[in-house]
Amino acid sequence: MERPQAGRKRAKRESVGAAGFYTVFNVILFWAMSELAYVGVIFYTDVLKRCTSGDAFSFWIFIFCPLLFCLLCFGLLRMNRVINRRYPISYYNAFKTLLFFVLIGLAFWGFNYLLYVAAVASSGNDGGSPFVPTEPIWLQVTLITLIQLVIMCLISLNQAARFTIGLYRESEALKQAQARAEIRALQTQLNPHFLFNSLNTLISEIDYDPVAAKKFTIDLAGAYRYILQVQDKPLVPVYEELGFLRTYVRLNQIRVGESLSYRCMYPDQANLDFLQYRCLPSLSLQLLAENALKHNVVSSMKPLEIQVGFSQNLDYLIVSNNVNPKKSVHSLGTGLKNLSERYRLLAGKEIIIERTPGYFRVKLPMLDGNETR
Numbered sequence: 001m002e003r004p005q006a007g008r009k010r011a012k013r014e015s016v017g018a019a020g021f022y023t024v025f026n027v028i029l030f031w032a033m034s035e036l037a038y039v040g041v042i043f044y045t046d047v048l049k050r051c052t053s054g055d056a057f058s059f060w061i062f063i064f065c066p067l068l069f070c071l072l073c074f075g076l077l078r079m080n081r082v083i084n085r086r087y088p089i090s091y092y093n094a095f096k097t098l099l100f101f102v103l104i105g106l107a108f109w110g111f112n113y114l115l116y117v118a119a120v121a122s123s124g125n126d127g128g129s130p131f132v133p134t135e136p137i138w139l140q141v142t143l144i145t146l147i148q149l150v151i152m153c154l155i156s157l158n159q160a161a162r163f164t165i166g167l168y169r170e171s172e173a174l175k176q177a178q179a180r181a182e183i184r185a186l187q188t189q190l191n192p193h194f195l196f197n198s199l200n201t202l203i204s205e206i207d208y209d210p211v212a213a214k215k216f217t218i219d220l221a222g223a224y225r226y227i228l229q230v231q232d233k234p235l236v237p238v239y240e241e242l243g244f245l246r247t248y249v250r251l252n253q254i255r256v257g258e259s260l261s262y263r264c265m266y267p268d269q270a271n272l273d274f275l276q277y278r279c280l281p282s283l284s285l286q287l288l289a290e291n292a293l294k295h296n297v298v299s300s301m302k303p304l305e306i307q308v309g310f311s312q313n314l315d316y317l318i319v320s321n322n323v324n325p326k327k328s329v330h331s332l333g334t335g336l337k338n339l340s341e342r343y344r345l346l347a348g349k350e351i352i353i354e355r356t357p358g359y360f361r362v363k364l365p366m367l368d369g370n371e372t373r
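FYI, in this note's numbering the residues of the sequence shown are 1 to 373.
Quick caveat, the hints were computed from the structure, so don't treat them as lab data.
One thing to keep in mind: the hints can contain errors.
[Claimed, not checked] Each pair of labels, with its calculated beta carbon distance range:
no., residue 1, residue 2, range
1, L98, Q231, 49 to 57 Å
2, I218, K326, 27 to 35 Å
3, L67, L146, 40 to 48 Å
4, I165, K326, 51 to 59 Å
5, D268, N200, 35 to 43 Å
6, L157, K233, 38 to 46 Å
7, K233, L67, 26 to 34 Å
8, T23, Q231, 19 to 27 Å
9, K214, K326, 23 to 31 Å
10, I165, I203, 18 to 26 Å
11, S311, L157, 44 to 52 Å
Predicted, not measured: the structure shown is a model, and the values here were computed from it.
Even glycine gets a Cβ: it sits at the ideal position worked out from N, Cα and C.
With the hints as constraints, model all of the structure from the sequences given.
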């Protein structure tokens with residue numbers, strides 16, 4: 001999993017690279033649009049007829065026209081960017097969109113008209129005012145403006161789309177960060193319960209059986225070593241979870257003796273290699289075992305048996321236990337809600353809970369290591 005800091009740096013580099021590419025592309029496009037407008041003004045209006053200097057082409061207009069047009073276009077794009085940031089949703093209201101494009105059209109039409117005036121003035125003029133054409137030029141200027149407007153609208157829509165995609169990516173990044181924070185919070189809810197129950201057992205064993213207490217302490221240290229190793233991992237391999245479950249059951253067997261039993265029914269040899277690539281949310285099996293111990297009587301008369309198996313297609317790991325419910329236990333169901341919420345945040349999947357008069361069964365979807373959101 002990519003670290004958030006590295007992800008932000010990579011996203012920033014990609015953003016800067018994309019911005020640089022679009023800036024260069026827009027400069028070239030605006031330059032071409034301005035020069036085509038200049039050529040259109042010279043050849044499709046009355047500039048040639050009013051020319052008295054013999055050459056209607058002006059080198060200085062050819063140089064400065066693209067600079068001024070680029071400043072105009074980038075100013076309009078800047079305005080579009082400000083509107084996107086302030087009104088990222090309402091900006092796409094039809095009236096506001098139309099109003100913005102009308103503003104672009106008027107700006108371009110004014111630029112093209114002033115370009116005509118400059119071309120007439122630089123060509124020597126015929127004695128008349130350069131602001132007053134000798135022939136109708138409004139259709140030609142309008143057609144040039146429409147071509148520029150269509151191109152500029154496409155650029156503006158592309159800019160708005162890229163901005164919207166950027167907002168979507170930021171939203172997804174925030175959702176993932178929030179999901180990771182929620183998963184971490186749900187993981188930390190497991191440890192206090194486990195520690196509280198383990199310390200109570202250890203205290204009782206120290207007085208009752210010091211040898212068993214020593215063995216219990218060793219197993220408890222191994223269990224907490226595993227907890228520390230996986231507390232930052234949303235998913236761990238199935239085999240690691242099964243190994244920790246055996247340790248957890250052994251810890252509780254020191255407390256209740258043979259009244260608690262555990263059995264795991266592995267699939268056939270052909271499917272064992274497949275399981276090496278399957279994962280579970282960390283500490284999920286321990287949570288189910290703890291849930292079984294919490295809600296059921298565990299005694300020589302009513303032993304508790306925890307069984308682990310696999311579905312036929314190896315999509316689910318199945319944890320089941322016989323039911324001898326305690327009468328005095330009040331449960332809010334937070335453990336199963338915790339596990340269900342972690343599955344939803346990690347992979348958008350649901351656990352399956354089955355209750356019968358004699359058995360309680362939970363089916364956990366087994367996930368790929370790359371399946372998390």
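Against the structure, the hints:
Distance hint check: the CB atoms of L98 and Q231 are about 56 Å apart, consistent with the given range 49 to 57 Å. A C-beta distance of roughly 30 Å is found between I218 and K326, which places it inside the suggested range of 27 to 35 Å. The hint said 40 to 48 Å for the Cβ distance between L67 and L146, and at roughly 23 Å that hint is violated. Checking the proposed 51 to 59 Å range against I165 and K326 shows it holds: the Cβ atoms sit about 55 Å from each other.
The supplied range of 35 to 43 Å is met by D268 and N200, whose beta-carbon atoms lie about 41 Å from each other. Evaluation of the 38 to 46 Å hint for L157 and K233 yields a pass: the beta carbon distance comes to about 43 Å. Remark: the range hint 26 to 34 Å for K233 to L67 is contradicted by a beta-carbon distance near 57 Å. In this structure the supplied range 19 to 27 Å is violated for T23 paired with Q231, their Cβ-Cβ distance being about 46 Å.
A beta carbon spacing of about 30 Å between K214 and K326 agrees with the range 23 to 31 Å that was offered as a hint. The hinted range of 18 to 26 Å is not satisfied by I165 and I203, whose Cβ atoms lie roughly 58 Å apart. For the hinted restraint 44 to 52 Å between S311 and L157, the CB-CB distance of approximately 50 Å keeps it satisfied.
Consistency note: the structure conflicts with the earlier hints numbered 3, 7, 8, 10.
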